[in-house]
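Novice: Going down the list, the sequences are from chains A and B.
By my numbering, the letter at position 37 of the first sequence is numbered 37, and the numbering carries on one by one without gaps.
So the number in my numbering is just where the residue sits in the second sequence, counting from 1, plus 1000.
Hints may contain errors.
[Unchecked claim] Computed beta-carbon distance windows for the label pairs:
#1 B:E1155 - A:P46: 47 to 55 Å
#2 A:E206 - B:E1155: 27 to 35 Å
#3 B:E1155 - A:G22: 42 to 50 Å
[To be verified] Pairs of lysine to any residue residues, derived as SDA-like cross-links and limited to a Cα-Cα distance of at most 25 Å, are as follows:
#4 A:K304 - A:S442
#5 B:K1031 - A:K119
#6 A:K31 - B:V1182
#7 B:K1031 - A:D227
#8 A:K304 - B:V1438
#9 A:K79 - A:D59
#10 B:K1079 - B:D1091
#11 A:K304 - B:T1445
#12 A:K304 - B:E1307
#13 A:K31 - B:N1237
#14 A:K304 - B:E1107
#15 A:K119 - A:R85
#16 A:K31 - B:D1121
#17 B:K1079 - B:R1110
#18 A:K119 - A:D97
#19 A:K304 - B:I1315
#20 A:K304 - A:Q123
#21 A:K79 - A:D97
#22 B:K1079 - B:R1116
#23 A:K304 - A:I315
#24 B:K1031 - A:R346
#25 B:K1304 - A:D59
#26 B:K1119 - B:E1162
#27 B:K1304 - B:L1344
#28 B:K1119 - B:V1182
#29 B:K1079 - B:D1121
#30 B:K1304 - A:A312
#31 B:K1031 - B:R1007
#32 A:K304 - B:L1298
#33 B:K1304 - B:I1393
#34 B:K1304 - A:L447
#35 A:K31 - B:R1238
#36 A:K31 - A:R19
#37 A:K79 - A:R18
#38 B:K1304 - A:Y377
#39 A:K31 - B:E1256
#40 B:K1304 - A:G311
Think of the hints as simulated: they come from the structure by calculation, not from any bench.
Note that the Cβ used here is the ideal one computed from N, Cα and C, for glycine as well.
Number of protein chains: 2
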Amino acid sequence: MPENLLRTRVEAIRRLARRRAGRPLVNVLQKTRGEDVAAAMPHLAPAEQRFVFEHIVDDGMAAELLVNVGESDLANLVKQLPLERLVELLDAMEVDDETDVIALLPEQIREQVMARIEKDDRQHVEELLAWPEDSAGGIMQPVAFRLHADANCREAIQALQESEDVESVFYLYVENDAGQLVGVASLRNLLTNPPNTSLAEMMVTEVITVPPHMDQEEVARVVSRYDLLAVPVVDDNRRLQGIVTVDDVIDVIREEAAEDMMLMVGVHQGEADEQAGVLQSVRQRVAWLLITLVGGILIAELAKFWEADIGAFPILAGFLPVVIGMGGNVGSQAATITVRGIALGRVEPRDILRVVWRESRIGLILGLAYGVMLAIYCLARFHQPLFGLGVGIAITAAMATAAIAGSIIPLTLERMGVDPAVATMPFVTTLMDLVGGVIYFSVTTALIASTL
Amino acid sequence: MPENLLRTRVEAIRRLARRRAGRPLVNVLQKTRGEDVAAAMPHLAPAEQRFVFEHIVDDGMAAELLVNVGESDLANLVKQLPLERLVELLDAMEVDDETDVIALLPEQIREQVMARIEKDDRQHVEELLAWPEDSAGGIMQPVAFRLHADANCREAIQALQESEDVESVFYLYVENDAGQLVGVASLRNLLTNPPNTSLAEMMVTEVITVPPHMDQEEVARVVSRYDLLAVPVVDDNRRLQGIVTVDDVIDVIREEAAEDMMLMVGVHQGEADEQAGVLQSVRQRVAWLLITLVGGILIAELAKFWEADIGAFPILAGFLPVVIGMGGNVGSQAATITVRGIALGRVEPRDILRVVWRESRIGLILGLAYGVMLAIYCLARFHQPLFGLGVGIAITAAMATAAIAGSIIPLTLERMGVDPAVATMPFVTTLMDLVGGVIYFSVTTALIASTL
């Protein structure tokens, strides 16, 4: 459904939910795709969400909804849901989706649910839950379409016709006697080869695989670099554990990009912030603001140190914010570019000299440009040539330093094995506040000392 | 190839290119995938890039490289390449890749190339170039696997066997007599239905399509919402124009996320900044820093207005940076969360009241927490209860206001049809500098007036 029609539909669902108009809601929901109902959820209040959920007739759609909402919305939807109904919906899901939903369920419900879902599924779910949530093992589907290398095309097609439970078949994985993955073939290969061609003859033997403990971000990079529809997850003995499909990879890429953006401004998110409760959001944001506070207090101490100069020449205080502000912004720009470059694999720690050399030139040019502008303004407004010169020099130095620091910090974090996005922005801006403050007060007071 | 092996390989390529060791380089390149050679490019100097490119024996790999590098690297690679060779490589590409490369070529080469590529391709390329670069039409492949609804499975399989030029076949598109798209079938459907089933019987008739002028970001949302491998692009008459495949969608999602992050800190990027020249980068970053400069000058004017107070009580100047800094950071957090929410379709302009109500509470709680801390510090350090109270009140007010402004601004930009990420950060922080400055000076001077 195109975006504008989707909006109208979402609006209709919201209106009906708000009016508690059950029967028309059932009608609208029957004409809507599950994915679109899920897209409507974030725009509804908790009670409205539950009202919509109760009026979904189709089990597939109800299951789809549980798979596609965030943690707090999920807790809300299952709050008044009978346990049997929840188990029924879980049993209808693919195992990887089922695992994701179970992992997000409130703890007290989770164990009750685990005890009741189908035994086969339970084993798979337990295996998947054993892997870290953000690893290849944690996001894979534990089922794949697999056959022995001796089978031929005709047998493969027959197997495919019988394996209705394997929902997403993109490739056929070929195993040897020891159960090791030895090749891969596409469905298209099955169609375009004579029926009695053996899989061993037609398969590609150089299979790109990932280990189960690989970070999901790296898995996403592999799938996207080689344009795969699915990548097989194999253990140390090359035994197939499952597959990560391209639709899950898309979710990972979206998630990680959002996470990077949030981390950079110091929002540590358990889930999407705009769906979390107010107090939870406060907790997510409070910690890194402390950096800014501590930095700010240190600046106050700097000002205290130069108190006499400020008392004698109050306008000195007026240009501190612009110097540290410009430094902070140019530092944020450099940091963002570097963090993104690292995430996309275009920049890495050993490129540090090249990156710093570039950034220092950029910072210097930007600093000079704005330094001259600001010096001219100071001169014209306050008729203090030496003060104007001091402000100009300070802002140039602060901006050049900021550009360098903004690129060094993420690269250093990356080398130390820390996520380079972690609170880069509060960290860089606060550091630049301090460095800029010291530069500013030293330079200007030295220059205007004679006039004080 | 796993990331650590890839790194070793990239390192080897870089070392050999640096040493100008042609023969060993040819050997290493022959054992490396084209995608991995492309991944090595950003880590090489221009002359090294050209050296590597000259030593690629396999045409497919050379073509792959041209498709996967950025604009400035591409210009570098083709600089000394004979025109015939470039045309040869272009002719070997899929038409959508060919179009992308041609669009990125330096202008003087582009026309010469267009005149020489295969005639069939030229027509397709011209059609694709007619669509905006970031629309469905601009990113689609103009070829798709399509058949008439009367055909049966056997005929479809035969057609598939003969259509070797259609490289990425994910779905079979079914058309009626008028050439309109009436249904879609998967390759799996072809395998699991009896050979003489007609396509009309087995196809899904509710096809999700996109129009050619749809923005690529919206196309990406459609593909990801419905977990598609490809989405057909149809004109107003439902005639199939081409398909957008999931691997292109992944690139779009990466690109748009990077673009959002860059735009937020005011980096207007033509291409990835870390590959651009120094002066080009300066141009990309310079404009929005002006906002900060103008804001900074206005703050200096504020300080000038309260000059007498600062002269009498210099420490007043010392706490201005922390108040505006905390406001700026909390405002950036709110803005980032809102921008991301809009990009993911979870927040939209009409949710403004709900969002602002949430953010105002979060900002108030954060402000109170830090206001109390800072007030206690002021009191303990400077023994000025009224000044401490003033600083506490000012920071609380500034942070609450910042959280609200940080969420209102992107939502308002979105409503106005402007990309909500555009320079949100410099804009929000600068605005908060000013608002915070006025709040701070007014509150503190009012409270300590009696002591001055």
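Novice: Could you work out which earlier hints the structure fails to respect and list their numbers in ascending sequence?
Specialist: Violated hints (numbers, rising): 5, 14, 16, 20, 25, 27, 28, 39; every other hint is consistent with the structure.
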